[in-house]
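**Student:** Starting from two chains that each stand alone, build the complex the way the hints lay out.
Heads up: the sequence lines are chains A and B, in that order. Going by the working numbering, the first sequence runs without a break in its numbering and finishes at 707. Going by the working numbering, the second sequence runs without a break in its numbering and finishes at 343.
Be aware that a few hints might be false.
What the hints assert, rightly or not - The list that follows gives simulated cross-link-like pairs (lysine to any residue, SDA-like), each with its CA atoms no further than 25 Å apart: (1) K281(B) x G383(A); (2) K570(A) x T531(A); (3) K13(B) x I578(A); (4) K688(A) x G278(B); (5) K353(A) x Q8(A); (6) K336(A) x I6(B); (7) K336(A) x A19(A); (8) K336(A) x I15(B); (9) K281(B) x P626(A); (10) K353(A) x I578(A); (11) K528(A) x A446(A).
To be verified - The following residues of chain B were derived to be distant from chain A, with all beta-carbon distances above 12 Å: (12) L39; (13) Q70; (14) P75; (15) L89; (16) G96; (17) R99; (18) D104; (19) S137; (20) G180; (21) M245; (22) A247; (23) E248; (24) Q270; (25) G272; (26) P285.
These are computed hints drawn from the structure, not numbers from a lab. Note that the structure is a prediction, hence the values are computed from the model and not measured. Think of the CB as a built atom: it goes at the ideal place given N, C-alpha and C, for glycine as much as any other residue.
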Amino acid sequence: MTFRERLQAWRYNLVPDHAIGEILQKRWTDNAIPFLALVIVVAGFGSAIPGFFRLVSLQDSTRQLGEFSLVVTGLTVVMLGGGIDLSVGSIFALSAFASVAAFFIFHLPTGLAFLAALATGLIFGAVNGYLIGFLRLRAFLTTLVTFIIGRAIYDILVVSFGAKVQLSDASSDLWDFIGDGTMAGLSVSVVAALVLAVVTHVALTRSRPGWHVLAIGGSRRSAHNAGIRVRRMVFLTYVFSGACSACAGFLIATRLSGAGPGTGQGLEILALTAAVVGGNSLGGGRGSVVKGLMGAVIVLVMTNGLIRLGYGTGTNQMVLGLLLAVAVTIDIRWMKNRHKVLNEVYVAPVYLKLGETQSAAPGSGTPYELNNRLSQADAIGLGELEGPEDVILDRDDHLYCGTRHGEIVRYFAPDYTRSEVFAHVGGFPLGLAFDRAGNLLSCVGAMGLYRIAPDRTVTRLSAETRRSWTSIVDDARLRDPNDLDIAPDGKVYFTDSTKRYDAHDWTLDSIENRATGRLLVYDPATGKTATLLDGYRYTNGVTMAHDNRSVFFCESWACRIHRYWLEGPKVGTAECVIRDMPGYPDNINRASDGTYWMAWLGMRTPSFDLSLRHPGMRRRMARRLPQDEWLFPNINTGGVVKFNDAGEILQTFGDLTGVSHPMVTSMREHKGFLYIGGILNNRIGRYKIEGANPDWTANDAYWGAGS
Amino acid sequence: MIFEPILDLFRGKAITIPPLDGALRANTALDEAAVLAGLPAPDNLVWQDGRLLCSSGAAVLAIEGSTRSQVAEFPAEVTALAAAPDGRLAVASDDGRLREGGIDVPLPGGIGCVTALAYGPDGALWLANGSARHPASGWVVDLMEKGATGSVWRRAPGMGFAREAEGLAWPCGLLPDASGVTVSESWRHRLIRLEGGRVTPVLRHLPGYPARLSPAPGGAWLAVFAPRNRLIEFVLQDVHYRRDMMAEVPREFWVAPALRSGQSFLEPLQCGGIRMMGIHKAWSPSRSYGLVVRLGEGLAPLSSLHSRANGRRHGVTSAIEVDGRLYVAARGGDAVLTLAGDA
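Okay, chain B solo, but in the shape it has when bound (with noise of 0.2 Å):
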């Protein structure tokens, strides 16, 4: 009513987020899902050759049937992967380094915090570069210093790269297409689609941290790597406390998302969060959450799997479909589970 603005001034306004409803109704597929293969902190799915790649740490690993053989190993952590439609693989670590094919390839200044890579159907490089300021590992810094410092960039065929935008809050996601690109930008929970050197949203108010896009029939797999919380988002409006938080508290205990959570007793603990009769709650707060959304027509959401607060496979980074099937990377779940892409 007329008097909520007034009454706003002195209590401060509501923090709300978007719900989890309609197509984004809630529910347990991904702790369903079978395990394809369990291992430490999977992130990035390609298929090539017939086979499935999964970044793992700084190994790369193929996983075909129930084996798996390292693909290869580098000196840092691998924090992006892409096929490309000659059979090459690129591959981006946390030293800020881009491999294509086992080759170094050289970057522009400004690039060191490789999020996602794409090859577009014209055989383009497409390439986002989380921030400018952290590396990929460093997410969690850059969220909380709200920052907005990253770019997407693109190499066309037999080119150096171009930047295609800048100014973006975390760029994690790329679908490349005939005539542009569509990104995820997290940290404003929104999908933009990048064309001609215009920017415009085309799914917003997402109720979670987007992560990597890859096609579908008809339409695309979003990941979504953590949820949207009241109290971080209330942390991230307060100054003082953040700006104390990130100085005095270790990293992984600040109030802030996580690919899992629940480890340690140092962790933040929200009211909602408290175990009561032997029950932690499937519709409680939490830091980290499991969420695949399935975009249709326009990238309008058409249905999606979920691990709630209780549930384990959380922290999903990538999803891809393959020939039918659904591969999914639960980065805080340690494993890579499989469904029907229809699910």
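Looking at chain A on its own, in the form it has when it is part of the complex (with noise of 0.2 Å):
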């Protein structure tokens, strides 16, 4: 080995580079960047302004920040809801100011103050949801108009009756403990906001109108054709955003105990610069109140920091200005490119070497010498089937077998040209077998483990094993169940080929070569699925042993064979039986002479081998090539290959023309008969073997000869 080539296996052996895809695939990567402007920001002018974190000066500033989150609460929502709430300002004003006028010129107690303002809020915010909501005008131009015209009505009544507002001598304890009391060392705005905040999250989290809104935001046209009233949510959605807006207006009314002129001007920008800052998505459908959040004190932070270090409004707007152009260009790229970047970093190949190999080429004189044998099969289902992964043949000498859309067909003995779809189970089904009821268990990839009864009701086993520690994507749930045995006990070995890849990109991960198949027992009795061995190259077909002492499974992208032994001195243990062969090794069966057979699904080619040995370049592949365009192992040849306990390869039948059976997943002997499957075959192949026992069957060889 090369001085490079120890330098890339350790190099990307040793790094985990699949954490970054799998890390990207977090719905909370979104807040990555908004939490690291917060960070940034917080840190920046905290350290440039001195007694920026004093509580004095903490206390006003929160007290802003409470009334602010308030406002970008409910534009959050409305944002949310695929909308946009431009009037939030002027709500905010006329309802200070409606609750000014309340307690200092009629007087009114401070709760009714409140209810004035709460009042003038949710008008405002019902006439924004009855013209977008149920009129449908555009929600940009419709807040503009509502936005200019509350400002209108605003500037006329503060000149009106700003005067009496100031000579009035109402006064409240109520009034001046929201207005500058503290509970706790919190102020009532930031208990409000935070009160607020939190029903909201929850609300569109975890109920119903939270969940119509986001799905409108997301989808306007499949949510009305999902049944949600689609109108009378956003007419909704306006009026809270209202209602948000009138309690902050409230809030600055006890704090400030008047109304000026520059009440709530420039809010509406703030407001939105914060709420797309945080990371809410300006078409709708993403993003959450937290975000809102984090965008409300970044910018309130922000706006503060400028003017304390002394910089004027123009400056100020400026920037904001800039803020909002960046995080907008940001939330489109991110949101048009997120899959792509994931795409391109999810495949992270790692270093394999495998070991020098027989030639399988016809002539080479090895065991493993594949021969045209397989294209003289009959085909049963030729030009009906789809996806074939595994066969199996009941007592009755029906044969079953799983398709790529979900079903499990059967074809009727003796001459196997009529079927019918025995069940639907959905995902994809792979390994199939019969316990000793008759029952037909089947490794549904995608899904998990299912029982099949004969009467035709499908059963879930099994969906999931115990999560390992270090995961970062949950592994309890089952990627990949792909073939099963069950042991006289009942206990059903099974193996999950990978935890990178779903059932249907199975081939994808030839590519990363990774690590993460597994061996799991689902036991009958408790219900529970425990993890027997993890870290294998796709661990693939599984076979009881004849003498039922130990489980034979097959390793797909080492090219091995393993046994786990079962009792014995090695209980709990497997050791490698076949290395290096030339070929993918998929399911094994018992054969009806005491040994087993096995499908290659594909053969090695030394221009993958040399490529497992170039990660670096697999990885630059997967990022700069289409999937299309990938070096793959050939999958295009394969063949059935029978072996002993010890491990010697006794026959090799294939197909070299590629017409019949190019790729073979499985095989089952059944009276004489080998019946061949193949995951991208249109075909099952019905092949008479030679010299075998024209009685045997699995059923009778697992279960004893029943009735």
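**Tutor:** Set out below in structure tokens:
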């Protein structure tokens, strides 16, 4: 091994590249950028301004922050529903004026002043909501209009009644407490903002109306088609936003005990910036209250900080504008490209040097030498079947197989020309096995372990195992359950091939070659699934040894067969029985003469073997080329191989023409015939085995000659 | 957008190849064409004295109707043929020798890889030397080494060979006219024109590796012997993998263009080439392909004949038109095909 190759092996096998792709899959990565911005802004201004974190200074800032957060929370909800509300500033100002007028001019109690503010907000919100939700006007223009009108009314009112307010002698302890007091160190506005944020967050993530809002923002038409009352929900979001602004208006009214011409000026831009900078999508459907709060803190710290550093309004507006522009750009680019980035970084290949193998080429004289015998197999279901990964026969000689449509299809003996859908499971039924009672058990790709009773009822047996400690993406879920076999005590031994790819992307796992395959056992007595072995390169076929003392399973991408001991001195451990085969093994099943059949799903090629030693090359390939162009193992040629308990290769069958059985993923011996399946094939093959016991069936071998 | 060049630094630039579109839109004309003769690896076609001559391995065969007869045999594989106006046949072979009318022609040093021969209207003999490092049969090595040591030579009547251009990346097709010559420069996927010592590209960004050129009314026929493939272009850029592949993997199993593919399970396979439900997709990426392009005025492509990834008439190295009929040598498909010339 050259020094460079050794370096590559270390680099790619020790650095967990796959973590990047898995972390990017997490929804919370959306919060990462705004959170980073928040930390930078707070740290930056905190260190630039002396006394920034002093209590008095914070107290004042947080009061302002509380009011602002209320407005942003309301706006966030509107934006999540796919709208926009520019009138928050004028609603805020009018509500403030309403409560000030109620309190100072009409000498009403504080509670009624609050209700006056709230009513103002609700009325304006309802106007917005009616126009946008029910009359379906454009949100931007409509709220712009209400913003202008509201502002105009406010200006008129302030000019006419401002003096009256100033001359009033009304006072109330409650009013002053709301404006100046604190509860356990927190001002009323902060408490109000927090309560509202929590309630809104819970409502959005855990309640029906919240989901409806998100669904409408995600896709209005789909939401409508799903039966959501889109117009009413949109209406309500604006009402909610109006109410939030009204609360904030009431709070500022109590804090300032008055209303001046500047109240709420420019608030809509601040709030919009905050919502977008926090990471709420302008298109709707994506975002959260927490994001809105983060944005609110960023914007407020920034504007206040700039003022305290001595910058004027112009600079402040400029910075806000730039911030908004950057946020919008990142939002759109990230939305558009997130899945592309994920696609490009997800495949994280590792280094593997496969051992030298014996040739399987015809004429090579090795035990693996492939021939053309499978091309003589009779075709069953040609042109009807799609993707029979595994095949199995019952005691009445009927033939069952899964299809890529998620069905278990049954072909009727004796000629296998008639068929029916035995059961619809969904997913992609892969490995099959009959238990003692004649139930058909199946490993269903992307779903789990299922049981289909003779009366066709489908029951899920297992879909998860214990999560491992180091997993980033939850690996308790079975991602690619592949093959199974059943022990005499009823325990089901089965494989989950990879934690990294879904069942339909199983071929991509060969490019990555990361060892994440598992051997699992399902115990029908407890209904629990346990992980026996982890860390194999695509665990695939499983079969009970003839003496039931061990389980054979294969590791496809490493071209190996292992034996896992269930009893005896090596109980609980696995040992490699066959290594460095020239083909990639798939299902394993018993043969009538006390040996085993193994399917080869594909053949190693020298160019792909070499690429396994060049993980960097495979990584670049995955990033720079579309998937159709990637170098693959040759899975256009497969075969069937017979081996014995000692791991000796006895016989090999192939189809070098590639017409009938290019890829073989399973085979099942039954009464002297071999039934051959292929996950990408369009038929089942039926091949007469020379010299095989014409009476042997797997059901008898496993469960004794039954009725 | 503006982020792309920055992102490219981290993720690598996407590799793209020209699409098969416009005049090069895919069809199955070559697979549907009539077989004139099935013979192993037919390479260079020439028309002489009312009969079609074809090189096949070390032999030159004459094809007249349904009969075939051997005209000559050489100790090494024949790599290029040309028929002189006076009836002599120029034959180059893989051992680096050139014979004209059966007589050895002395070649200047540096010529050992004759990939194409052609007589100009003035009687001058043009010669394309694919590489200074490898024989014609070692073309795939020259490509994977990114060779650019080819040259084009001209022998004016009564004179010796003189070099017209050098530093070419595998020139392997010649189309002389009164004032110069058009050369297909394979590894750069283009046709160039040599005139008065100047090299100017005339047709660039071909979707394959161009081979021999032949005259046609108002234009020319261009045989394209292998397709460009994004994986292969990627491997060409990946120094370490390519070097190890050339050192350790048998040549026929390289990730490299080929005249035929799918013969052995040891050949590389690309994801798109996986057989699905018994179907080998025609548009799947392939190491080999069959393509003949009809070029019109100014050598702009007019139309094309294809044998796609699932076809068999791959590796076309030569196509000539005689009296309105087109003859195509599919070297990878082991057949000489014939079609109407306006196909």
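**Student:** Looking back at the hints listed earlier, which ones does the structure fail to meet?
**Tutor:** Hints 3, 21, 22, 23, 24, 25 and 26 not satisfied by this model.
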